[in-house]
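Number of protein chains: 2
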Amino acid sequence: MSEAFGLDSRLAGDTLVVGDLPLSRVLLMRDARYAWLVLVPRKAGLVEVSDLPDEERALLWQEAGLAGSALRAVAPCDKLNIGALGNIVRQLHVHVVARTEGDAAWPGPVWGFGKAEPYADGEAEKRVEALRELLGLS
Amino acid sequence: MSEAFGLDSRLAGDTLVVGDLPLSRVLLMRDARYAWLVLVPRKAGLVEVSDLPDEERALLWQEAGLAGSALRAVAPCDKLNIGALGNIVRQLHVHVVARTEGDAAWPGPVWGFGKAEPYADGEAEKRVEALRELLGLS
Numbered sequence: 003m004s005e006a007f008g009l010d011s012r013l014a015g016d017t018l019v020v021g022d023l024p025l026s027r028v029l030l031m032r033d034a035r036y037a038w039l040v041l042v043p044r045k046a047g048l049v050e051v052s053d054l055p056d057e058e059r060a061l062l063w064q065e066a067g068l069a070g071s072a073l074r075a076v077a078p079c080d081k082l083n084i085g086a087l088g089n090i091v092r093q094l095h096v097h098v099v100a101r102t103e104g105d106a107a108w109p110g111p112v113w114g115f116g117k118a119e120p121y122a123d124g125e126a127e128k129r130v131e132a133l134r135e136l137l138g139l140s
Numbered sequence: 003m004s005e006a007f008g009l010d011s012r013l014a015g016d017t018l019v020v021g022d023l024p025l026s027r028v029l030l031m032r033d034a035r036y037a038w039l040v041l042v043p044r045k046a047g048l049v050e051v052s053d054l055p056d057e058e059r060a061l062l063w064q065e066a067g068l069a070g071s072a073l074r075a076v077a078p079c080d081k082l083n084i085g086a087l088g089n090i091v092r093q094l095h096v097h098v099v100a101r102t103e104g105d106a107a108w109p110g111p112v113w114g115f116g117k118a119e120p121y122a123d124g125e126a127e128k129r130v131e132a133l134r135e136l137l138g139l140s
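Line by line, the protein sequences give chains S and Z. Taking my numbering, the leading residue of the first sequence gets 3, the next gets one more, and so forth. Taking my numbering, the leading residue of the second sequence gets 3, the next gets one more, and so forth.
In short, the hints are calculated from the structure, not lab data. Errors might be hidden in some of the hints.
No copy is singled out in the list; a pair is fine if it fits within one copy or between any two copies.
Below, simulated SDA-like cross-link-like pairs (lysine to any residue); rule was C-alpha separation at most 25 angstroms, straight line [as the list claims (entries may be wrong)]:
#	residue 1	residue 2
1	Lys45	Leu68
2	Lys45	Arg74
3	Lys45	Asp123
4	Lys81	Leu48
5	Lys81	Ala126
6	Lys45	Tyr121
7	Lys45	Ala107
8	Lys128	Asp33
9	Lys117	Arg59
10	Lys128	Asn89
11	Lys45	Asn89
12	Lys117	Leu61
13	Lys81	Glu57
14	Lys81	Arg27
Nothing here was measured: the structure is a model prediction, and the numbers come from that model.
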């Protein structure tokens with residue numbers, strides 16, 4: 003019997019749910035410093051991208067591309083950063099981050115840099131709503 | 003007339019050439035702290051992964067997967083890190099890094115962390131040879 007999908011508790015605590023694409027749950031990081039999405043394939047037991055069969059692996063990267071386009075639409079940026087690290091949270095997840103020159107961590111990576119800043123009241127929810135619409139999840 | 007592919011001078015200086023996969027030039031980072039490959043699609047003018055047409059985008063991620071398997075074979079690791087950042091070097095490139103618990107930057111990202119350490123004499127070339135063989139480039 004295959005284990006049911008469950009979201010890692012740290013990922014759950016750090017994010018708001020945007021919605022589900024065919025493979026991945028899309029999450030917005032609760033960090034106003036960057037427009038930052040995290041994609042988590044909804045299958046149990048995944049750690050590396052290579053744990054996915056070929057077709058789903060392709061789908062994951064495709065969904066990361068969609069996430070990048072949606073981010074660009076809500077937060078014009080200079081560069082997208084895509085990363086699958088998982089050194090701390092082992093559940094397979096892909097980060098897609100809209101970076102702007104001069105942002106908090108620029109030009110370094112966002113992971114592990116400083117402390118998340120809360121969104122102003124209602125702003126994260128507004129962003130989630132806009133992303134949901136752009137991703138066809140509303 | 004399309005511009006010819008040329009490798010960014012910073013990437014060229016920081017790496018040794020492993021060889022060419024169908025889409026990407028594969029490079030070994032001159033940094034003995036990690037087994038670290040960089041893939042650069044051999045087309046001019048690319049910045050974002052989304053600048054590639056769908057098929058080549060899929061191929062890039064596929065080649066990143068091959069790079070990860072080859073790295074695992076030459077340097078057993080606890081986690082692969084995959085990243086497309088490009089905040090400093092804008093030419094599209096994908097990092098694939100074999101991470102081990104307790105390595106120099108663990109559990110943080112390798113990008114921008116400390117200073118590269120040179121390989122001992124001949125060791126980088128040996129690793130390049132092993133990777134070339136594993137990737138079917140020899």
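Here's how the hints hold up against the structure:
In this homomeric assembly, Lys45 and Leu68 come within 25 angstroms of each other (Cα to Cα) both inside a single copy, at 20 angstroms, and across copies, at 22 angstroms. In this assembly of identical chains, the alpha carbons of Lys45 and Arg74 lie at most 25 angstroms apart only when taken from different copies (24 angstroms versus 27 angstroms within one copy). In this assembly of identical chains, Lys45 and Asp123 lie within 25 angstroms of each other by CA distance neither inside one copy nor across copies; the values are 33 angstroms within and 45 angstroms between. With identical chains, the CA atoms of Lys81 and Leu48 are at most 25 angstroms apart between copies only, with a shortest distance of 12 angstroms across copies and 28 angstroms within one.
With identical chains, the CA atoms of Lys81 and Ala126 are at most 25 angstroms apart within one copy only, with a shortest distance of 21 angstroms there and 31 angstroms across copies. Proximity of Lys45 and Tyr121 under a CA criterion of 25 angstroms is satisfied in neither setting, with 30 angstroms inside one chain copy and 39 angstroms between copies. In this homomeric assembly, Lys45 and Ala107 never come within 25 angstroms of each other (Cα to Cα): the closest approach is 32 angstroms inside a single copy and 29 angstroms across copies. Proximity of Lys128 to Asp33 under the C-alpha cut-off of 25 angstroms is restricted to the intra-copy arrangement: shortest distance 14 angstroms within a copy versus 43 angstroms between copies.
Taking CA atoms no more than 25 angstroms apart as the test, Lys117 paired with Arg59 passes in neither setting, with 31 angstroms inside one copy and 33 angstroms between copies. In the homo-oligomer, the alpha carbons of Lys128 and Asn89 never lie at most 25 angstroms apart, since the shortest distance is 31 angstroms inside one protomer and 28 angstroms across protomers. In this homomeric assembly, Lys45 and Asn89 come within 25 angstroms of each other (Cα to Cα) only inside a single copy, at 19 angstroms, whereas the closest approach across copies is 32 angstroms. Proximity of Lys117 and Leu61 under a CA criterion of 25 angstroms is satisfied in neither setting, with 32 angstroms inside one chain copy and 36 angstroms between copies.
Taking the shortest Cα distances, Lys81 and Glu57 sit within 25 angstroms of each other only across copies (22 angstroms), while inside one copy they are farther apart (27 angstroms). For the identical chains of this complex, Lys81 and Arg27 are neighbours both inside a copy (23 angstroms) and across copies (22 angstroms), given an alpha-carbon limit of 25 angstroms.
Comparing the model with each numbered hint stated earlier shows that hints 3, 6, 7, 9, 10 and 12 do not hold.
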